[in-house]
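Protein chains in written order, with our numbering: chain A, 1 to 337; chain B, 1 to 410.
The hints are simulated quantities; they were obtained by calculation from the structure and are not laboratory data. Backbone N, C-alpha and C define an ideal beta-carbon position, used for all residues, glycine too. Be careful, since some hints might not be right.
[Stated by the list, open to error] Covered stretches of chain A (chain B as the covering partner; in silico rule of three or more C-beta atoms under 8 Å from a C-beta of chain B):
#1 14-25
#2 44-54
#3 82-96
#4 204-215
[What the hints assert, rightly or not] DMTMM-like mimics (lysine to aspartate or glutamate), calculated; alpha carbons at most 20 Å apart, straight line:
#5 A:LYS50 <-> B:GLU13
#6 B:LYS402 <-> A:ASP319
#7 B:LYS324 <-> B:ASP23
#8 B:LYS402 <-> A:ASP23
#9 A:LYS50 <-> B:GLU15
#10 A:LYS47 <-> B:GLU13
#11 B:LYS121 <-> B:GLU61
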Amino acid sequence: MPRMTMIEAIRSAMDVSMERDDDVVVFGEDVGYFGGVFRGTQGLQQKYGKTRCFDAPINESGIVGAAIGMAAYGLKPCVEIQFADYMYPAYDQLTQEAARLRYRSNGDFTCGITVRMPTGGGIFGGQTHSQSPEALFTHVCGLQVVVPSNPYDAKGLLIASIENPDPVIFLEPKRLYNGPFDGHHDRPVTSWAGHPLGEVPAEHFVVPLGKAVVRRPGSAVTVLAYGTMVHVAEATAEETGIDAEVIDLRTLMPLDLDTIVTSVKKTGRCLVVHEATLTSGFGAELAALVQEHCFYQLEAPVIRVAGWDTPYPHAQEWDYFPGPARVGRALRDLMEA
Amino acid sequence: MTDGQRLSLHVPEPEVRPGGKPDFSNVPIPKAGSVRRPEVDVDPKEIRDLAYSIIRVLDREGEAVGPWAGSLTPEELMEGLKHMMLLRVFDSRMLMAQRQGKTSFYMQHLGEEAVSCAFRKALLPGDMNFPTYRQAGLLIAGGYPMVEMMNQIYSNDADPLKGRQLPIMYSSKEFGFFTISGNLATQYVQAVGWAMASAIKNDTKIAAAWIGDGSTAESDFHSALVFASTYRAPVVLNVVNNQWAISTFQGVARGGSGTFAARGLGYGLPSLRVDGNDYLAVHAVAKWAAERARRNIGPTLVEYVTYRVGAHSTSDDPSAYRPKEESEAWPLGDPVIRLKNHLIRIGAWSEERHKQMEAEIRDTVVAAQKEAERHGTLHSGGRPSMRDMFEGVYAEMPPHLKRQRQQAGV
Ligand SMILES: Cc1ncc(C[n+]2csc(CCOP(=O)(O)OP(=O)(O)O)c2C)c(N)n1
């Protein structure tokens with residue numbers, strides 16, 4: 001089986017989709033000739049021609065708005081917003097328009113678009129290249145929100161997103177593009193090559209949306225994570241020796257509540273980890289659901305570890321990013337509670 | 001009615017790609033001195049042609065010619081040359097610092113030095129620029145200390161922005177430099193708002209908005225034009241057309257016809273194009289537009305025709321999308337060399353003095369760099385404290401942030 005980095009897997013997902021279905025079109029800033037600033041679309045224009053993969057003007061609202069129109073026609077646009085931080089100009093189109101087309105037209109018009117965007121920190125991007133805006137989307141009825149944590153899932157989930165008849169926000173933790181990252185900023189970057197999930201089928205396959213996966217079985221505490229934090233959680237479990245069950249949510253909307261509840265009922269404890277700002281973050285939703293469904297099995301309050309409630313700072317980003325030290329402290333607190 | 005014709009999508013492409021031979025022969029460049037200079041209170045309808053031409057002062061021989069010449073004295077031109085050379089050396093040192101791992105990122109101005117350096121000299125204390133990331137010349141020509149700029153780039157403990165901002169995203173109210181956002185175009189309409197405020201308060205200050213050719217595609221650019229024309233705000237709306245937006249050529253933002261300046265015509269704005277590599281022309285046009293704003297006549301849209309010689313940023317490799325020789329083929333030349341030749345031509349300068357100044361400037365910049373590095377660089381030495389991370393989100397730190405700060409142990 002071929003080995004792929006996450007960015008290669010993402011590219012392969014678009015390639016396979018474009019090959020199978022002429023209705024799939026790909027566009028965005030710098031995605032055409034150049035193949036994207038992170039190289040996610042490299043080679044697609046050369047292979048499928050410039051009317052199926054092309055550069056868009058720097059106008060996020062235009063990119064998403066045009067994609068909506070194309071979807072209304074019957075195409076399946078998969079568009080790129082260069083950084084998640086730049087989706088705000090497109091926010092109206094995403095939330096008021098894409099999300100509601102099906103509902104407000106009673107199915108007369110639908111919006112099968114996929115909006116890819118690199119998210120998250122760990123690359124010294126400062127406040128406008130590091131944001132994790134997932135909660136802004138999960139709050140919006142009609143959107144689906146996907147966050148892969150490895151090459152295999154990235155490909156399978158992206159194909160599933162492109163084939164999905166409704167709008168999907170596909171958030172790509174850019175820190176994971178070239179290798180897994182466990183939160184130890186001072187260690188050399190490891191590559192996907194040695195990782196089992198770096199083995200990705202070359203052909204078409206899907207990882208269904210709405211299904212979480214247990215990445216690391218355990219019995220003492222459940223850790224809910226997605227994206228980069230899955231690797232931080234796994235590393236922390238190893239380092240602390242705490243028998244944590246790490247669940248990779250993969251899709252935040254729709255959420256796989258069954259997998260979460262089954263695990264928390266078994267372990268009796270739950271830690272939620274995300275990079276995004278704490279307050280009103282997606283972790284609040286997870287904590288509420290867990291207490292609602294597992295209250296009588298819980299042996300301690302649900303704890304959240306998240307980014308601080310500040311914009312993402314450039315110089316202090318290693319302190320902002322929830323790393324194994326903070327996650328480990330929370331795990332120990334949780335076990336003692 | 002339809003005749004059933006099959007449609008096809010037009011996707012614009014640049015003339016040449018890597019491996020091809022750069023050719024700017026189809027870029028119409030009027031002779032220096034050939035474009036007229038209207039009165040500042042001209043009816044915009046009468047100068048629509050200026051949105052399609054290019055105002056130029058310096059000719060091939062280094063002579064300053066035509067109606068736009070003469071806005072600066074030889075002493076002022078010498079100073080301008082020095083600013084551009086400072087910016088160029090500053091860029092090359094900081095680029096190298098990034099490669100040495102002393103900072104995370106850098107963006108240079110190579111080839112575009114005249115635009116911000118000359119424009120700055122048309123402003124008065126109190127005026128406000130709303131820049132993007134390629135106008136550090138506004139700070140250099142405005143006398144802002146280079147050490148402070150470097151401290152910002154290094155995110156060290158003397159960084160005026162406490163390590164919060166990406167390198168090169170400076171901010172100085174005192175020096176008329178609005179804090180830079182990474183989100184393109186947002187500043188453009190804010191500049192108009194600032195200018196409107198100055199008018200509301202019957203003040204005398206004007207604003208200058210800055211944007212790149214690619215970013216003019218953003219809705220905020222168009223919002224700015226609407227507000228500026230509706231309220232006749234005292235603002236100069238600058239578009240720096242350096243031909244490239246990362247890998248995307250300017251034709252993608254501009255569309256098949258017209259110019260960026262011509263975008264202003266639909267709004268009734270006087271709209272000019274100027275040779276962005278001609279320090280004298282840039283200054284003359286900036287002065288003209290600033291005067292319109294100052295005399296309460298209204299906004300002006302100015303397109304600077306230039307070329308981004310360097311990479312977009314330290315994360316970019318332009319050889320992947322344009323011929324390597326393209327910058328050499330750029331017909332408007334190098335702004336530093338053009339001004340230098342002009343000064344030599346008028347007998348105010350010589351090659352020897354130029355060499356000497358180059359050496360002096362290098363020493364100045366190296367000394368500033370040493371001083372900045374005494375405070376540390378991104379990965380070594382003094383860093384802003386983690387406490388700083390929690391400050392300044394609000395005027396007063398709310399309880400939940402105080403709790404988080406304690407949790408972080410600072
Ligand atoms: C809203 C937004 N979208 C996308 C980006 C990513 N981006 C940064 S610079 C850039 C190109 C800008 O080109 P241009 O305006 O021509 O300025 P230049 O870099 O050529 O000076 C892009 C797409 C961004 N910073 N903000």
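Here's how the hints hold up against the structure:
Proximity of the region 14-25 of chain A to chain B, defined as three or more residues with a beta carbon under 8 Å from a beta carbon of that chain, is not established by the 0 residues found. Restraint check on the region 44-54 of chain A versus chain B: 3 residues with Cβ-Cβ distances below 8 Å, three needed, restraint holds. For the region 82-96 of chain A, the stated coverage by chain B is satisfied: 4 residues place a CB nearer than 8 Å to a CB of that chain, which reaches the threshold of 3. Using a Cβ-Cβ cut-off of 8 Å, 0 residues of the region 204-215 of chain A lie near chain B, which falls short of the minimum of three, so the contact claim is violated.
For the suggested pair LYS50 of chain A and GLU13 of chain B, the alpha carbons sit about 9 Å apart, so the restraint of at most 20 Å is met. A hinted pair counts as satisfied when its Cα atoms are at most 20 Å apart, and LYS402 of chain B with ASP319 of chain A qualifies at roughly 16 Å. Restraint check for LYS324 of chain B and ASP23 of chain B: satisfied, since their Cα atoms lie roughly 12 Å apart, inside the 20 Å limit. Proximity of LYS402 of chain B to ASP23 of chain A is assessed by CA-CA distance (about 52 Å); at most 20 Å being required, the pair is judged violated.
Using a Cα cut-off of 20 Å, the hinted pair LYS50 of chain A and GLU15 of chain B holds, with the two alpha carbons roughly 15 Å apart. At most 20 Å may separate the alpha-carbon atoms for a hinted pair to count; LYS47 of chain A and GLU13 of chain B meet this at roughly 17 Å. Taken as a hint, the LYS121 of chain B and GLU61 of chain B pair is broken in the structure, with Cα atoms around 25 Å apart against an allowance of 20 Å.
Hint compliance for this structure: hints 1, 4, 8 and 11 are not met, and every other hint is.
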